[in-house]
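If you read the sequences in order, they're chains A and B.
Going by full-length UniProt numbering, the first sequence opens with residue 1, and the numbers climb by one from there.
Going by full-length UniProt numbering, the second sequence opens with residue 1, and the numbers climb by one from there.
Calculated from the structure, these hints are not laboratory results.
You can take every hint at face value.
In silico lysine to any residue, SDA-like type, Cα no more than 25 angstroms apart, as pairs:
#1 161(A) x 225(A)
#2 191(A) x 3(B)
#3 53(A) x 59(B)
Distance windows between CB atoms, simulated:
#4 89(B) x 54(A): 32 to 42 angstroms
#5 165(B) x 292(A): 49 to 59 angstroms
#6 58(A) x 384(B): 17 to 27 angstroms
#7 200(B) x 344(A): 38 to 48 angstroms
#8 83(A) x 289(B): 43 to 53 angstroms
#9 9(A) x 334(B): 48 to 58 angstroms
#10 289(A) x 53(B): 18 to 28 angstroms
#11 334(B) x 58(A): 36 to 46 angstroms
#12 227(A) x 289(B): 58 to 68 angstroms
#13 200(B) x 287(A): 53 to 63 angstroms
#14 286(B) x 344(A): 43 to 53 angstroms
#15 348(A) x 57(B): 33 to 43 angstroms
#16 289(A) x 57(B): 18 to 28 angstroms
#17 335(B) x 19(A): 57 to 67 angstroms
It should be emphasised that the depicted structure is a prediction, and the values quoted were computed from it without experimental measurement.
We put the beta carbon where it would ideally sit given N, CA and C, even for glycine.
There are 2 protein chains.
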Amino acid sequence: MSNYAKRMKTMEKQANIIKGLFSAMNDPDVISFGGGAIAKECLPVDKIREITKDIMRVDGRGYEILSYGSVLGAKDLREVVVNDLLAPKGVKANPDNILIITGGLEAMNLMCQLYIEPGDVILVESPTFVHSVETFSMFEAECIPVTMDDEGMSTEDLKAKIIKYSPKMVYVIPTFQNPTGRTLSLDRRKKIAELGSKYDVIILEDDPYRDIRYSGEDLLPIKAFDKTGHTVLANSFSKIFSPGSRLGYVYANDEIISKMIDAKSATNSHTSLLPQIICAEFFKRGYYPEHHKSLCEIHRERRDAMIESIDKYFPEGTKRTFPDGGLFTWVELPGGINTSELLIESTSNPDVKVAFVAGEGFFTEGNGKGSNCMRLSFGASTPDKIRIGIEKLGKLIESKLV
Amino acid sequence: MSNYAKRMKTMEKQANIIKGLFSAMNDPDVISFGGGAIAKECLPVDKIREITKDIMRVDGRGYEILSYGSVLGAKDLREVVVNDLLAPKGVKANPDNILIITGGLEAMNLMCQLYIEPGDVILVESPTFVHSVETFSMFEAECIPVTMDDEGMSTEDLKAKIIKYSPKMVYVIPTFQNPTGRTLSLDRRKKIAELGSKYDVIILEDDPYRDIRYSGEDLLPIKAFDKTGHTVLANSFSKIFSPGSRLGYVYANDEIISKMIDAKSATNSHTSLLPQIICAEFFKRGYYPEHHKSLCEIHRERRDAMIESIDKYFPEGTKRTFPDGGLFTWVELPGGINTSELLIESTSNPDVKVAFVAGEGFFTEGNGKGSNCMRLSFGASTPDKIRIGIEKLGKLIESKLV
Chain A
1 MSNYAKRMKT MEKQANIIKG LFSAMNDPDV ISFGGGAIAK ECLPVDKIRE
51 ITKDIMRVDG RGYEILSYGS VLGAKDLREV VVNDLLAPKG VKANPDNILI
101 ITGGLEAMNL MCQLYIEPGD VILVESPTFV HSVETFSMFE AECIPVTMDD
151 EGMSTEDLKA KIIKYSPKMV YVIPTFQNPT GRTLSLDRRK KIAELGSKYD
201 VIILEDDPYR DIRYSGEDLL PIKAFDKTGH TVLANSFSKI FSPGSRLGYV
251 YANDEIISKM IDAKSATNSH TSLLPQIICA EFFKRGYYPE HHKSLCEIHR
301 ERRDAMIESI DKYFPEGTKR TFPDGGLFTW VELPGGINTS ELLIESTSNP
351 DVKVAFVAGE GFFTEGNGKG SNCMRLSFGA STPDKIRIGI EKLGKLIESK
401 LV
Chain B
1 MSNYAKRMKT MEKQANIIKG LFSAMNDPDV ISFGGGAIAK ECLPVDKIRE
51 ITKDIMRVDG RGYEILSYGS VLGAKDLREV VVNDLLAPKG VKANPDNILI
101 ITGGLEAMNL MCQLYIEPGD VILVESPTFV HSVETFSMFE AECIPVTMDD
151 EGMSTEDLKA KIIKYSPKMV YVIPTFQNPT GRTLSLDRRK KIAELGSKYD
201 VIILEDDPYR DIRYSGEDLL PIKAFDKTGH TVLANSFSKI FSPGSRLGYV
251 YANDEIISKM IDAKSATNSH TSLLPQIICA EFFKRGYYPE HHKSLCEIHR
301 ERRDAMIESI DKYFPEGTKR TFPDGGLFTW VELPGGINTS ELLIESTSNP
351 DVKVAFVAGE GFFTEGNGKG SNCMRLSFGA STPDKIRIGI EKLGKLIESK
401 LV
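Bound conformation, chain A alone (with noise of 0.2 angstroms):
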């Protein structure tokens, strides 16, 4: 019964981090800047219900749904990604380079099938999205760290990188990065589409958050640099319409298409049909500029409040990020502070009970990097229960450095 193919010890270190990241999110008395849920009052139940009640219906659409669907996904949906999300970021597609996928991270798994053997590279920003590490490891990845700054992934050590390692895949969060909050410079967007199409290694651009934005202007994803094909860009639904859908995307060009579709039958056949045509709807009825509006409006506040708490209640020599859209901002505290540590005692003690992602985990190296650092994120928590929860938890961490 022990015979696990290596795959599952490989990836037994993020598995538990990411067990421990959903479990602390389901106690209802813990202020939780934790997971990576958008607010809840942006969740379009009231349209989904309308939507579901007119399509679902036997003169309608209703058999079409619940019938077995085309493995590249509902062509509204893949109509609505090239029309109302990528031609308005200036990119511009063509429905059938369209994957609709169960998720997000469904892409890095799928991009994985399709590259990944045992021992091979994928550079990862440091720090990087611990659960597409996970996804990586299951593939027995190797993961390489690539420098980081306040513009992003390092296109100096990320060329050095690819020199000296051959990585078979790179890849990058460009826009308000998780879990950093940064955004990648237009300029390095250029140069990371180029060295991929310079030295053939598969740039696995996952974009998410990039439709969020409170403040700064819209940058072109590294997509829009490609000129040969080696760009694959992921994104979701789970920040511009529900996590709980499952819904998300993949845009490449026809020949990686065709293998993820392969691929992609191998593992769940299609995505639920039924989350796709309620989203597709949902934007062709014109529903989506005004949600988009509030959504960002709701995560401006939040993001505000959350920054405005940090610099007012966290102590003297920390550090933190300005993201301009997304969820999340990183911490670094002063002072040798230990956040795993700190972590437990402050979902534990009864006067905290405030929780967020303690930053080691998000670093590929090891040796104890990002220990004292943290990530916040400001989607879940409404501004009261920010400030809130951003003071009790700079008291403690005051309470430390005494």
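Since chain A is already given, all that's left is putting chain B on it; use the hints.
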């Protein structure tokens, strides 16, 4: 750009069969005995509309359904599996040992993640379900066929091949098997569970058709005879609820479920929640018994129409199975007719326009085995269409024998 992982090559043959299968299903002018879909008249369109209207409210479960859920799946649906689907079949399970998956096929993918290294042997029935073989091939497993007769997989041959090949897994579809419609006898079910325990081999029991039986008596699943946890039961809601919803489940012991949670988390986080909750409500509101009755009546009629028509219109020397349930009958033609060639003609000839699945693709052994066989599905066509289609097909076959 051509630097794909080896698995993309090993799965190519099956991937092409699957692609062909799906494309034939989409031609509206063709009477299709090809796909494995149930009658569209059985899809609970109205009930789903009613349920969604009730649950998708801001003051109801709307927010919960659109938010991130647990990797294991919605508790409501796991309880339905335990109480409404497993208990009546003699299997006592704990809801925490049920993992909800994105369609039945995902079980094969996750089980391969847990167990299969390139080159590992999976023993399969001869013939077996080509879509599962696609998944096994993506994991670079070597599929070794085990002989079958009218009682299903031969346990003598199975035992001999377990000893010879030391497989990681035995893949078996015990009830109304795909593609043959045959059912594994009770005695053999018991023996297969025992062989798994004795030789430390995982028995992957894929049982999506078991709940749609039209004649004969229910048999306990292999899992009911498993004393050591070596048997893993996979099932689907595609035949009893709706294929487009992509819902299935796995029942396994604590250790295996815990590993499957990791693999599922790294595949797509969790299964879409809306279909899960709708499906659970469908059972909880008591709609299933009547739905199930009508499902069986409609398909019994279709099976009978197909069997009678084959006996009437197919040439002498034709062999066919009599399925007590499920969706398929398996036909062996006389006179050396090649069904792959026949299929091209039967779908393109304007006087015929009938689709089926050629037998060869279901045999992992290759060498032209099954080239005179076909899988005929009676799920998606009315009895009248079945009679017309089988008559046309029978005439075409007759014309080849002259």
